[in-house]
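Novice: Here's the letter readout for the chains.
Number of protein chains: 2
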Amino acid sequence: MEPILIAGQWQRSHDEAGGFRAVDPTTGEAIGPQFPRSGPRDVEAALRAAGAIADELAATKPARIADFLERYAAGIESAADELAATAHAETALPLAPRLSAVELPRTTHQLRQAAAAVRAYAWTHPVIDTQAGLRAHYAPLHKPVLVFGPNNFPFAFNAVAGSDFASAIAARNPVIAKAHPSHPATSRVLARIAHEAVHASGLPEATVQLLYDLDPALGLSLAGDRRLGAIGFTGSRGAGLALKAAADRAGIPIYAEMSSVNPVFLLPGALRERGDALAQDFFASCTMGSGQFCTNPGVVMLPEGADGDAFAAAVAARFAATAPAVLFSHGVQQHLAQAVARLREAGAQVVAGAAQSQGPGARYAPTLLSVSAQAFLAAPEALQQEAFGPVSLLVRYRDAEQAAALARAFDGNLTGTLHSAADGTDDAAYQRIAPALRARVGRLIDDKWPTGVAVSAAMQHGGPYPSTSHAGFTSVGMPAAIRRYAALHSYDQVRDDRLPPELRDANPGGVQRCIDGSWTTADIGRKA
Amino acid sequence: MEPILIAGQWQRSHDEAGGFRAVDPTTGEAIGPQFPRSGPRDVEAALRAAGAIADELAATKPARIADFLERYAAGIESAADELAATAHAETALPLAPRLSAVELPRTTHQLRQAAAAVRAYAWTHPVIDTQAGLRAHYAPLHKPVLVFGPNNFPFAFNAVAGSDFASAIAARNPVIAKAHPSHPATSRVLARIAHEAVHASGLPEATVQLLYDLDPALGLSLAGDRRLGAIGFTGSRGAGLALKAAADRAGIPIYAEMSSVNPVFLLPGALRERGDALAQDFFASCTMGSGQFCTNPGVVMLPEGADGDAFAAAVAARFAATAPAVLFSHGVQQHLAQAVARLREAGAQVVAGAAQSQGPGARYAPTLLSVSAQAFLAAPEALQQEAFGPVSLLVRYRDAEQAAALARAFDGNLTGTLHSAADGTDDAAYQRIAPALRARVGRLIDDKWPTGVAVSAAMQHGGPYPSTSHAGFTSVGMPAAIRRYAALHSYDQVRDDRLPPELRDANPGGVQRCIDGSWTTADIGRKA
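Line by line, the protein sequences are chains L and P.
Position 96 of the first sequence, counted from 1, bears residue number 96 in the working numbering, the numbering being contiguous throughout.
Position 447 of the second sequence, counted from 1, bears residue number 447 in the working numbering, the numbering being contiguous throughout.
Hint data in this document are derived by calculation from the structure and do not stem from the laboratory.
Some hints here could point you the wrong way.
Said to hold, decoys possible - Not everything, but these chain P residues come out facing chain L in the computed CB check (under 8 Å):
hint : residue
1    : P253
2    : S456
3    : M459
4    : S490
Unchecked claim - Calculated pairs, SDA-like style, for lysine to any residue (alpha carbon to alpha carbon, straight line, at most 20 Å):
hint : chain 1 : residue 1 : chain 2 : residue 2
5    : P       : K448      : L       : Q131
6    : P       : K61       : P       : G509
7    : L       : K61       : P       : R432
8    : P       : K61       : P       : P501
9    : L       : K61       : P       : P435
10   : P       : K448      : L       : G133
11   : L       : K448      : P       : T130
Ideal Cβ positions, reconstructed from N, Cα and C, are used throughout, including at glycine.
Using the sequences and the accompanying hints, generate a full structural model.
Specialist: Below, the structure is given as structure tokens:
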């Protein structure tokens, strides 16, 4: 049985609550060693260890935190081959380019972006009112952050390496990582590298802890434990809402990214200008990573008429010609089959795919469905359920007015996309549809497909409920993602030498601060 | 029966669910006209009217919003005498300076600060990544905000005039104001002025709506209505937690400010230097406004020994010599008596006050209690219950180590205060206690008393749960308070002329924007 990481020690699980092995999705066969499913004693040990060092970590110099994040990124790069091979075996995601050339560099970039935000004090957002004698910034929670990782990004959203992890540590909070049980060995390697970096950077040993799996009921009781400062979650809506209910009752902020169908509007002029390219790119966006993206284009609004028909036919041919895609697990396959069945029950017609699994392991045929706008508007809730996998629903609309009505029928989503003509012929339709779509999504996209989430300060990887638990926060992009794991602290007439460094009169590091309403790197002059 | 304000019309309540009158707290007699208690039809009408104009309001030019906020402030000033007299009659708060010279100017200042933040786009916090083609800012919710006003600030936190109101409107969201039933006539006058300003500014008529009272069960069902974008609440912990549970279940962000005992640490050197002044100021802070402040100093840590004894005696004499204070209502009086009884049951000794009400109306004697640090540490939960009114508990501590243990025993609070010697003799003790206190409060204060909340960009009027529902937000201070009622919106490759003004390449208004990591008012150059 593999050890868990608690209190800076790789140790045997306190509980013998059972174990599990990873599964090769391509074969359905168990692979690798046994990993423990943790019980209440492991959870209690992790909470105590993290709680015991939370104040020490909060008082740690930012440079040391940044050093850790950078060492960790370098360590991941040194183990890139091992990591990519391990993740490939556990997830069946392509070794290259996806794992080795896209997701791994994204993960190290994210850790380094977090380090840069720490060194620049960017996430602390210092605001000073010299007249009132008040100074404010964002500060650590002084409590551990619990991070639940999803199945679909073994590196970039891993509970012990991804954006929630980097954000929580950047804000100087200990992390209790609950890895996703579909890739335990990958999480084990990452935690090993993180642990070495913790040690080398001189951070408290319990800064990073790892559990591989929990009984769902134990997960819920942990999510409601007031010793936690906050929770990060990426996963299904069902699990997210259950954890949110537990956390809410205890007054613990939870940032849950839960589900999204990412509506896409194809406008007539765009189809006319570049219908073939759009069909090709849509197919690629919908089937990349077997469609297991939170930004997968799940519902595509397509005009009626010849250009729309040609697009649908071109896409259908591509879907039909493609072998069933390997999914992360039989569970994902089962959920997907159920979701497609529900969409069909609600009136969607199968255009291509929806075939039974072929071959060993967990597979599902890339599937294209279609429905009229009228039918969609008659059952919008049923027809915008997420089908996590290589599945998309075409909604055929009559005109801009009906497209705008469709936009208004969507609930909160991560992204919304409009493809419009370069020559301006779609501008009136765009102006009709975009405002309604804008209000319902976190990221509004022109003329490209939604998969692909840049790690950028201007990213919003979030959106209105129920796509996430709060429309004001992003789970990707520094420094904003860090601020989720922070408390707003104000200092009222506090003497200069007692202030945190970035709030003092002197600003030798050139931190950007908002002083009396203006952003500046200047010192504050001594008062007369 | 007075009319309610729905859909831009002063109209008869749709429901005849009963009415109520204000009560003069000094006499206990009903005063003024009958006001309706609204039922489900009023609530539905308000939701529909606000929902119908939410998109229009979101698309309104910021200058028009600022114009409204400024007109409203001017209108309040024009009606200052009527407002102060009305609020005085309904709350028994002193006409001057409190109502006319402090709270009313604070309220108009707050509205104008919100207007300034709107004109400068300060709350939208534009962030631009030119390389990634991403631009982000905070934007309206496109749904109405429900605001519950408290009893204790008839102007500055009034549901139809206070910080939540100003913040929600500044972010271009309609407000459904649920006034506090203890000052309906004051709320009526404010809403009349707000309505006139809405009209004069050309905002949609349903931008501001007013209900005077709701059955609690109806309030809970309203708080869980997904047509709302967010909720602001200031009031008791019981009501706040019930509303929070309802809102959480529906995924509606709620910003609830609920309770605080505002721990104050008097360090030995400070007592030695200025014990008399501290005693005088403490008494004033604890009894001002009959102690009905959320930042009332409810628990004061005082050293054992002669200086501490002298301070306690001086304060006790002041408390004992003071007539019972008029409270807002019999309900407040009853809750206060119960809270004092619970503190006594938990081991606190009465030093002064705790007497029965004298005279007509709702009154309570300024009350000082005392307990040992050891006893406090044995029952910290029971002894840090809020007693809303002119009541404070002295906790006598032995040394800095014990004081630090006390600091660690506090739950989340709005403020925490340390009074230390100017000559540096308390510095070691300060360094021991302050970090633990810092982690548990929103605003850390040196050498003054916590009552008095400046409307400042660097204010944090908020704190860790359960003082509020989220430690990352403030309910006072622009622009931060506005951001509570906003969604984070990102634009990905969106064409320049389709962007909101403050995210376009050209920046003719000189908006402060964070471009590629640096705050600047510059334009963005055209790409080659």
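Novice: Decide, hint by hint, whether the structure agrees.
Specialist: Comparing the hints with the structure gives:
no.	hint	verdict
1	P253	6 Å, holds
2	S456	4 Å, holds
3	M459	6 Å, holds
4	S490	3 Å, holds
5	P:K448 x L:Q131	16 Å, holds
6	P:K61 x P:G509	14 Å, holds
7	L:K61 x P:R432	18 Å, holds
8	P:K61 x P:P501	10 Å, holds
9	L:K61 x P:P435	15 Å, holds
10	P:K448 x L:G133	12 Å, holds
11	L:K448 x P:T130	17 Å, holds
The structure is consistent with each of the numbered hints, conforming to all of them.
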